[in-house]
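Chemist: Single-letter residue listing:
2 protein chains.
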Amino acid sequence: MADDALFEFLHMEMVSLVYKDHASMNKQDRATCVSTLEGMGFRVGQGLIERFTKDSPSFKDDLDVMKFICKDFWINVFRKQVDNLRTNHQGTYVLQDNKFALLTQFSSGKQYLEDAPKYLAYSCGLVRGALSNLGMDSVVTAEVSLMPSCKFQVVIQKI
Amino acid sequence: MADDALFEFLHMEMVSLVYKDHASMNKQDRATCVSTLEGMGFRVGQGLIERFTKDSPSFKDDLDVMKFICKDFWINVFRKQVDNLRTNHQGTYVLQDNKFALLTQFSSGKQYLEDAPKYLAYSCGLVRGALSNLGMDSVVTAEVSLMPSCKFQVVIQKI
Numbered sequence: 571m572a573d574d575a576l577f578e579f580l581h582m583e584m585v586s587l588v589y590k591d592h593a594s595m596n597k598q599d600r601a602t603c604v605s606t607l608e609g610m611g612f613r614v615g616q617g618l619i620e621r622f623t624k625d626s627p628s629f630k631d632d633l634d635v636m637k638f639i640c641k642d643f644w645i646n647v648f649r650k651q652v653d654n655l656r657t658n659h660q661g662t663y664v665l666q667d668n669k670f671a672l673l674t675q676f677s678s679g680k681q682y683l684e685d686a687p688k689y690l691a692y693s694c695g696l697v698r699g700a701l702s703n704l705g706m707d708s709v710v711t712a713e714v715s716l717m718p719s720c721k722f723q724v725v726i727q728k729i
Numbered sequence: 571m572a573d574d575a576l577f578e579f580l581h582m583e584m585v586s587l588v589y590k591d592h593a594s595m596n597k598q599d600r601a602t603c604v605s606t607l608e609g610m611g612f613r614v615g616q617g618l619i620e621r622f623t624k625d626s627p628s629f630k631d632d633l634d635v636m637k638f639i640c641k642d643f644w645i646n647v648f649r650k651q652v653d654n655l656r657t658n659h660q661g662t663y664v665l666q667d668n669k670f671a672l673l674t675q676f677s678s679g680k681q682y683l684e685d686a687p688k689y690l691a692y693s694c695g696l697v698r699g700a701l702s703n704l705g706m707d708s709v710v711t712a713e714v715s716l717m718p719s720c721k722f723q724v725v726i727q728k729i
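As they're listed, the protein sequences go chains A and B. FYI, the numbering for the first sequence is 571 to 729, going by our numbering. FYI, the numbering for the second sequence is 571 to 729, going by our numbering.
Possibly wrong hints are sitting among the right ones.
Note that the list lumps identical chains together, so a pair holds whenever it fits in one copy or between two copies.
Under the rule of at most 25 angstroms between Cα atoms (straight-line distance), these lysine-lysine pairs were calculated in the DSS-like manner [as the list claims (entries may be wrong)]: (1) 680 / 669; (2) 669 / 597; (3) 641 / 630; (4) 688 / 590.
Derived from the structure by calculation, the hints contain no laboratory data.
Starting from the given sequences, assemble the full structure and let the hints guide the process.
Modeler: Below is the structure:
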């Protein structure tokens, strides 16, 4: 329990730090903040996945990697598995978490919906960083329609 | 293990974010960065101690509080106890940690000694925040003479 709090609180502080100087923000500023948080997540994701996969056998395909992200990675970072993983088998994956750890501090429902992106940017970066270190370039976005549930969309970039 | 990494990596990113725009810093700027990090730690410390002490019996004196910080609080946040606690019985406490979690990523010795303060400001804030929520105003400073060992000095402010 302590760990969760340590990470969650620090994450909250970090978001508020990044957004602090942008009280009256235009679209440009908001994009910068999101990308700052995403970048931090990216680098942390790269570091984490190295530790998490240290003793794992190698993955047989992209789906296998995504399953690892949904299960082991998610449990280690967010304390639970992804509830649902869907794919079109063409490089797009949708990860649905019905009770996303970093949104549980908000009241449920739609009241704070517009604040959600702030609190998801870092996590999108985490996933993108983890995948990147496993050799998969991707674009990761998140979408909330009702707190605290959240959908992450991962689109693998074929080279 | 995963938790440690999650917190440590995020902490690293946060320090580098706070210091990013200050490549050629003067003393004033450095003080601002330290105080930003310390402030974040303070608020997180306040939050954490509420959770950690939820089921604890009340403390009988200041020394009792400090023992809790050195043991339970430290284990929850930094994965180990403080190695040594000394006090002059007049409100000054020195907490010595011979292998401080947030310094273990540095090479041991004196090479990066001047960078240490960056990585200790947040933790000083954590301790000050925790104590503050237990009703003790304090000044917390940290000092490193040889990585990764670290001494925190806590001076309780009598009102």
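Chemist: None of the hints should be skipped; say for each whether it holds.
Modeler: We went through each hint and held it up to the structure:
When the C-alpha separation of residue 680 and residue 669 is checked against a cutoff of 25 angstroms, the pair qualifies only within one copy, where the shortest distance is 14 angstroms, while the shortest distance between copies is 46 angstroms. In this assembly of identical chains, residue 669 and residue 597 lie within 25 angstroms of each other by CA distance neither inside one copy nor across copies; the values are 29 angstroms within and 45 angstroms between. Proximity of residue 641 to residue 630 under the C-alpha cut-off of 25 angstroms is restricted to the intra-copy arrangement: shortest distance 16 angstroms within a copy versus 45 angstroms between copies. Taking the closest pair of Cα atoms, residue 688 and residue 590 come within 25 angstroms of each other both inside a single copy (12 angstroms) and across two copies (20 angstroms).
Hint check: a violation occurs at hint 2 only; the rest are consistent with the structure.
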